[in-house]
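Trainee: Generate the whole structure from the sequences, applying the supplied hints.
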Amino acid sequence: MSEFLGYERDDGSVGIRNHVAIISTAPYANDTVKRAADIIDGAVPITHPLGRCQTKPDVFQTYRTLLGYGTHPNVYGTVVVAHAGEIVDGDELAADVAETGRPSDSVNIHAEKGVMNALKRTVDSARDMVQEASAQRRVPADMSNLTFGINCATSDTTSGLCQHKATARAVWRLIDEHGGRGCFAETPEFFGGENELSERAVNDEVRDEILERVDNWDKRLQATGYDVRGAQPTPDNMDGGLTTIEEKSLGALVKSGDGPIQDIIDYGAKIPDDSGMYIMDTPGHGAESVTGIGAGGAHFMVISTGQGHTLSNAIMPTIKITGNPGSAERVPEQTDVDVSEALVGDETFDWAGDQLWDEIEKVVNGQVTLSEAMGESQFAIHRIGPST
Amino acid sequence: MADRYLQVVEPSDNVATALRELEAGETVTVAVGDEERTIEVQEDVIFGHKIAVEDIASGETITKYGKSIGNATEDIPAGTWVHVQNVESNYGRGDLAGDKETAAVSE
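The listed protein sequences correspond, in order, to chains D and W. Everything in the first sequence is counted per the working numbering, starting at 1192 for the first residue and increasing by one. Everything in the second sequence is counted per the working numbering, starting at -18 for the first residue and increasing by one.
By construction, these hints were calculated from the structure, which means they are not laboratory data. Glycine residues also receive a C-beta, built at the ideal position from the N, C-alpha and C atoms. It is possible that some hints are incorrect.
Derived Cβ-Cβ restraints for the label pairs, each shown as a range [claimed, not checked]:
hint, chain 1, residue 1, chain 2, residue 2, range
1, W, Glu21, D, Glu1194, 55 to 61 Å
2, D, Ala1286, W, Thr54, 55 to 61 Å
3, D, Lys1247, W, Ala38, 47 to 53 Å
4, D, Asp1319, W, Glu2, 54 to 60 Å
5, W, Gly40, D, Asp1399, 30 to 36 Å
6, D, Pro1426, W, Glu17, 31 to 37 Å
7, D, Asp1465, W, Glu24, 40 to 46 Å
8, W, Ala38, D, Gly1557, 54 to 60 Å
9, D, Ser1193, W, Glu55, 53 to 59 Å
10, W, Glu(-9), D, Ala1564, 38 to 44 Å
11, D, Asp1333, W, Glu41, 51 to 57 Å
12, D, Lys1247, W, Gly40, 44 to 50 Å
13, D, Gly1566, W, Asp25, 36 to 42 Å
Mentor: As structure tokens, then:
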């Protein structure tokens, strides 16, 4: 199969879902956003604690992340809800979404003279968009349109030995055979493997940038004055046998395969259109990392997990794969694909990669993932500096 | 024949990952590259955790995937459980950052 059935957008992108996003610009709009999404079936709430009293780098990062969701290929239309005048401006965000040709609306709680009026306006707008979206049909599209997000979660020693090998096979199949894109992240989880990783860069500039960003994370962590152990690896990683961040990293890098790296991009920045593998500079914190990759426009996310994880995203479907033979039994809702037979049975890693690929084909064509069916999702924008 | 549930990634590794439970006192055969080693398990090891496949002296590098995953904080005889109680990392060491700075100043 070199085609899938997707939703065409005016900006040339093709989605695998047709969501209506209701996006909060500040914590004081979160309740209105959540209430509107509770009322309108098919609307996805995007809420967070940021968007005000932030310094410039954080304002830019918050804005870029929210815009990435408003203009995501899987989003049909967006309603932006703001509280009052804020440094992340609701009207500006809604206007930038509209530039991509998507239906876009802006609601301001103060301008509407209170939350009840604002809620009514948000509900009316989201309802109309949901109805319009439901009339749109999936059409055949080339798989080169697709961007494959990669993240790991609750890693253990099986991650690097098994499931990450399946993920690597599937993502390079999309890149090499179909001309798509891949994006992995979690820069502090390169510690110990950064030299070999940087040698995969397409040029010296990208190689040096990878090394510099890894070094920056080590310096940021050292500046805390504490040993990072306990935060990396996490207690669940250590329960699963991972001893140090170096061991976790060397296993984590297996999921990226061994092909060339085109570039390393900023947190929440758009993943480039050219085919190939990209790195997004994010923390290892799963919710923050996955949120960043979603803002970059990845269509779906493969979460390669050791012991199972609830980690998922409302806009970008997440497919959970494990090679730990006990995980599918312990956490069935967190296991879309079980490839443990490649680790402790008689199957090969090529078989494991095929199992994942088959699931990806179903999901991009519309089959919901377990986390979508369960309504699981988390959203967390990475914060750089202090609030003020 | 080597136990397939004890995996050594690269021939230069000095630890194996246990893909089954290991019991203290059992004798296991581990494939390290082309070589097979017979090791007596020193303590119980649960699924997914590591054992030393050779004697490792305090301060020596623990090697997995053919690369350093940290240093031994004590002597680790072959067959011993290798984990956070006897290995320390070399990254994100804010607890040592002050010492490094002091050392740099005194040089």
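Trainee: Confirm or reject each hint.
Mentor: Verification of the supplied hints:
In this structure the hint that glutamate 21 of chain W and glutamate 1194 of chain D lie 55 to 61 Å apart at CB holds, the actual value being about 58 Å. Between alanine 1286 of chain D and threonine 54 of chain W, the C-beta spacing of about 58 Å keeps the proposed range 55 to 61 Å intact. With their beta carbons about 51 Å apart, lysine 1247 of chain D and alanine 38 of chain W fall inside the hinted range of 47 to 53 Å. Distance hint for aspartate 1319 of chain D and glutamate 2 of chain W: a CB-CB separation of about 59 Å, consistent with the stated range 54 to 60 Å.
Between glycine 40 of chain W and aspartate 1399 of chain D the Cβ separation comes to about 32 Å, which falls inside the hinted range of 30 to 36 Å. Take proline 1426 of chain D and glutamate 17 of chain W: their Cβ atoms lie about 35 Å apart, and the range 31 to 37 Å holds. The hinted window of 40 to 46 Å between aspartate 1465 of chain D and glutamate 24 of chain W is violated, with their beta carbons roughly 52 Å apart. The hinted range of 54 to 60 Å is satisfied by alanine 38 of chain W and glycine 1557 of chain D, whose Cβ atoms lie roughly 58 Å apart.
Judged by the Cβ atoms, the range 53 to 59 Å given for serine 1193 of chain D and glutamate 55 of chain W holds: they are separated by roughly 56 Å. In this structure the supplied range 38 to 44 Å holds for glutamate -9 of chain W paired with alanine 1564 of chain D, their Cβ-Cβ distance being about 40 Å. Between aspartate 1333 of chain D and glutamate 41 of chain W the beta carbons are some 53 Å apart, a value that agrees with the proposed interval 51 to 57 Å. Distance hint check: the CB atoms of lysine 1247 of chain D and glycine 40 of chain W are about 46 Å apart, consistent with the given range 44 to 50 Å.
Under the hint 36 to 42 Å, the C-beta atoms of glycine 1566 of chain D and aspartate 25 of chain W, about 40 Å apart, fit the expected range.
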